[in-house]
Every structure is written in C-alpha cells, then in structure tokens.
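Q: If you're matching positions, the sequence shown starts at 1393 in my numbering and goes up one per residue.
Quick caveat, the hints were computed from the structure, so don't treat them as lab data.
Where a beta carbon is used, it is the ideal one built from N, C-alpha and C, also for glycine.
Take the hints with a grain of salt, since some may be wrong.
[Claimed, not checked] Label pairs and their in silico Cβ distance ranges: (1) 1489 / 1414: 32 to 42 Å; (2) 1444 / 1485: 18 to 28 Å; (3) 1416 / 1488: 38 to 48 Å; (4) 1416 / 1484: 29 to 39 Å; (5) 1460 / 1480: 18 to 28 Å; (6) 1426 / 1489: 30 to 40 Å.
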Amino acid sequence: MKVYLAQLKCPNNHCTIGCAGEFESLEAAQALKARVQEWFAVLVASRTLNNECGLCHSTDFHVEIAPTIFQTMAEFQPVAREEEARQMALADHLRHSRN
1393 MKVYLAQLKC
1403 PNNHCTIGCA
1413 GEFESLEAAQ
1423 ALKARVQEWF
1433 AVLVASRTLN
1443 NECGLCHSTD
1453 FHVEIAPTIF
1463 QTMAEFQPVA
1473 REEEARQMAL
1483 ADHLRHSRN
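Take the sequences, apply the hints, and build the full model.
A: Put into structure tokens, the structure is as follows:
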C-alpha cells in the first residue's frame, strides 16, 4: 500500500483541490480522479469555489495523480493538514492584498 495524491490543476500547475487515499498501485489510484472531479463540481455548484483558478483564472483543469512517500493515511494526514494550513494562509493573504 501507498498513499496517492490526486490534484486538480490548471495549465500553470496551480492546485485547486486535492484528495488522497491508500492504494496498491497507480492504476488503482485512478479512482481518485472521479472523486476530485465530483468534489469540484459540488463545490462549484454550491458556490464554495469558482469554476476558475484563483491565481491565473484559467477554467481549464486536469487531474494529476502521483504516489507520495507515505505508506498510510495516518502518516500522511499530519503533513497534509500542515500544508493545507499553509496554503489557506497564503490564499487569505492573497485575497486581502489584492486591489
């Protein structure tokens, strides 16, 4: 088992959302693609997110799936939560620094 990360990205490599899970192989981890796309559609429909990249405003997205260095979600979660907090702080800073 290995933790795989799926990220919804614009052509400029900006990540909009992502999710992770434990899978035996990259082929099995492809199931994350549909999960990320469905989640994004729900968030856009609920107006939680816009249907564009918050940085470059692209509406062209693709899903990238890659293995992480982690074997279990228990190992991955603290690191993911720390990174999520950093990204949210950066997004907040960018929102408040725009004219």
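Q: Confirm or reject each hint.
A: Evaluation of the provided hints:
no. : hint                    : in the structure
1   : 1489 / 1414: 32 to 42 Å : holds (38 Å)
2   : 1444 / 1485: 18 to 28 Å : holds (19 Å)
3   : 1416 / 1488: 38 to 48 Å : holds (43 Å)
4   : 1416 / 1484: 29 to 39 Å : holds (38 Å)
5   : 1460 / 1480: 18 to 28 Å : holds (20 Å)
6   : 1426 / 1489: 30 to 40 Å : holds (35 Å)
Against the hints set out earlier in the document, no violation occurs for any number.
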